[in-house]
Amino acid sequence: MQNLTGITINDYIILSTVLFCIGALGVMLRRNAIIIFMCVELMLNAVNVLLVAFSNHFGDSQAQVFVFFIMAVAAAEVAVGLAILIMIYRNAGTSDTDVLNKLKW
Amino acid sequence: MESLFKFIPIFPIISFLIIALLNRKLKVSVVTTLGSSSILLSFIFSLLAFIQVAQTQKGIDLHLFEWIHSGKFSASLAFLIDQLSSVFMLVITGVGFLIHIFSAGYMHHDDGIRRFFAYLNLFIAFMLFLVMGNNLLVMFIGWEGVGFCSFMLIGFWYKEKANNDAAKKAFIMNRIGDLGFLIAMCLTIYYFGTLDYKTLFQAGYIASMPVPDSTLTWITVCLFIGAIGKSAQIPLYTWLPDAMAGPTPVSALIHAATMVTAGIYMLARTNILFSLTPLTMEIVSIVGIATALLGASIGLFQNDIKKVLAYSTVSQLGLMFVALGVGAYSAAVFHVVTHAFFKALLFLGSGSVIHAMSGEQDIRKMGGLKAHLPTTHKTFLIGTLAISGIPPLAGFFSKDQILSAAFEHHTWLFALGLLVSMMTAFYMFRLYFLTFHGSFRGTQEQAHHLHESPLNMTFPLMVLAVLAIVAGFFGVPHVIGEHIGLHNSFQDFLAPVLGKSHSHLSAGTEWALMGFTTAIIIGMILWAKNLFVDKGILPASDAEMKGLKKTIYHKYYIDEFYNKVITQPLDKLSAFTQTSIDRKVVDGIVNNSGKGTQWLGQVFRKLQFGNTGYYALAFVIALICMFLLFI
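Chains as they are written, first to last, in my numbering: chain Y, 1 to 105; chain X, 1 to 631.
Hints listed in this document are in silico derivations from the structure and should not be mistaken for laboratory results.
None of these values were measured; they are calculated from a predicted model.
A virtual CB, placed ideally from N, CA and C, is assigned to each residue, including glycine.
Do not take every clue at face value.
Covered by chain X, according to a simulated footprint, are these stretches of chain Y (three or more residues, beta-carbon under 8 Å) [said to hold, decoys possible]:
1) 24-36
2) 49-58
Below, a list of computed lysine-lysine pairs in the DSSO-like style, where the Cα atoms sit at most 30 Å apart [to be verified]:
3) X:Lys-550 to X:Lys-365
4) X:Lys-307 to X:Lys-549
5) X:Lys-595 to Y:Lys-102
6) Y:Lys-102 to X:Lys-606
7) X:Lys-198 to X:Lys-27
8) X:Lys-307 to X:Lys-159
Work the whole structure out from these sequences, hints included.
Have a look at this one:
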């Protein structure tokens, strides 16, 4: 199973780090709530990739169980999150997070 | 049977609770009946206890429960009914019962009669605690309790500021004394480890303790300070005359017959300590005689019927302290008993007079009341004769015992005591003649209203008058007693607690002292009669008075002196601490700490500016910092 394709564990780590950083930067820099939401999902999936890669590397399938859990929880979270977003849009008329600052102070 | 005696102070408490809690739901007649009958019940049980003590010659121990237990020290809520306390219990419940009956008539028209009876019952309960306790701590409960009741009853008519001031004055003066009592108790616990009379006063206990004499002196002096406050001696006596602001039955019960004698009881109870400290005894007799002289001299020129009686109480209490100071404990207690009878009688009589005069208390506006108030007049005369010391009334025997004990101690003490007795006879008969003889000097309206008091007011007067006549025969001195087959049964009865003092005077000296005293007192009475009846002299009005008379009429300006020297500087100090320390320091700390928190909030709330992106940035930076820290 190992290195069938010549891709090492390092490549997976780099890939997931890059994906995670893109996600994190997206959360920090973008203002559209839907994009931020997508970036959060990206971060979650970066972690998933890492988990699967390590699982393969160490030949331990426990990590893959975690991945399924994460995917299930993420699906639930998406449902709730999108519902909140819709309600925000209905009430505020926008999904720009810079405008949504009523709870400050 | 014996276990029932522990209910003696409980009966008044129960009726106090019923009256105080149900208050307006009860009819006035129910309140007066309940209030009086609970005291009657206590009196009956006290009488039974007295009989048992007299028969068995032993004290009755009643243990309720252990109250405080700490290390080696323990104090119980327990009663001890011995010879001394049973005598006091009889006086308290007996005189108390009569005064309750009198109050039912006297306070009949007062709206607060229920409150009045509740307080009176509570007072009796605390007074019983005071005398029945088997250790100093239980005495202290009663001591504080009666002080509180006295405060509430002096300010009973609370709508007038003067009454409230008098109440506060009494309470504060008493607190000063109470501090002395408290210190004495602490010292006793520290050096002797117990407050129980039984342990503390058993033969040889104190001598067996390695306690220096000076400490013992301090303990007794502190105890005496407590007695000074409660029993109105120099320098804390000024509250007692002011306490007459309360209703007259209160003056009779609390401020003449019972509460003010608590100091005497305390000294008599701790007589073993006092006997060991001659210095304190000396102080006690000097303070006593000084107070007696001061009180009597002020009494000479007072025009308020109750003020005269108040100063006479101060002066009689002084005489009792003289007796204690020279070691004649049983004479002091005997005088407490007889004084309770005739002073309660005089106060209730004055109450009857005031009642008839529609609240007038100035003797310059009275006169000629003999015809209108026959019963009051007769009983008042008996009381006056008794307090003056005319044989064979009660006051003669008790005062004679004190004076002969004083004579044995020091001739000067006797001479001053005699002077006090002379002044007493003079001002009492001045009061009597001005009130009951001559012609009526009040207004037409008052003259129209004059009436003898109802039976429930005159009945206690009659009983007390009989007691004031016969009580003396329980303490007949030996020289008289051997001729008429009586002996000093009072002293014999109290001997197990107070010890027995033998008179070293020869029979001839004693006869001479008695004869001399009586002759002089009769002379004073005749002089008073000459001045106020035959010549018809009236006391001058306030404006006309001058010189020494004016000084004495204004009570030597002692109140003004205290006001200037103690009260006003204290007021100034309070005002100073209020403006500087309280306003600036204390308030400053509180307000500024509040302001500081507010300022910090102003600063830190800027962090919550609402942009989610930056929150996420801060979150990530913090996370990175943590990673760097831990790797």
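Okay, the hints, checked on the actual structure:
Requiring three or more residues with a Cβ within less than 8 Å of a Cβ of chain X, the coverage given for the stretch 24-36 of chain Y holds, as 7 such residues are present. Beta-carbon proximity to chain X at under 8 Å applies to 0 residues in the stretch 49-58 of chain Y; the threshold of 3 is not reached and the given coverage is violated. With a CA separation close to 20 Å, the supplied pair X:Lys-550 and X:Lys-365 stays within the 30 Å bound. For the hint pairing X:Lys-307 with X:Lys-549, the CA-to-CA distance comes to about 16 Å; that is within 30 Å, so the pair holds.
With a C-alpha separation of about 27 Å, the suggested pair X:Lys-595 and Y:Lys-102 falls inside the 30 Å cut-off, and the hint holds. Simply put, Y:Lys-102 and X:Lys-606 have alpha-carbon atoms about 14 Å apart, close enough for the 30 Å limit, and the pair holds. Of the pairs offered as hints, the one joining X:Lys-198 and X:Lys-27 is violated, with about 45 Å between alpha carbons and a cut-off of 30 Å exceeded. The hinted pair formed by X:Lys-307 and X:Lys-159 meets the criterion: a straight-line CA distance of about 21 Å does not exceed 30 Å.
Going through the hint list in order, the structure does not satisfy hints 2 and 7.
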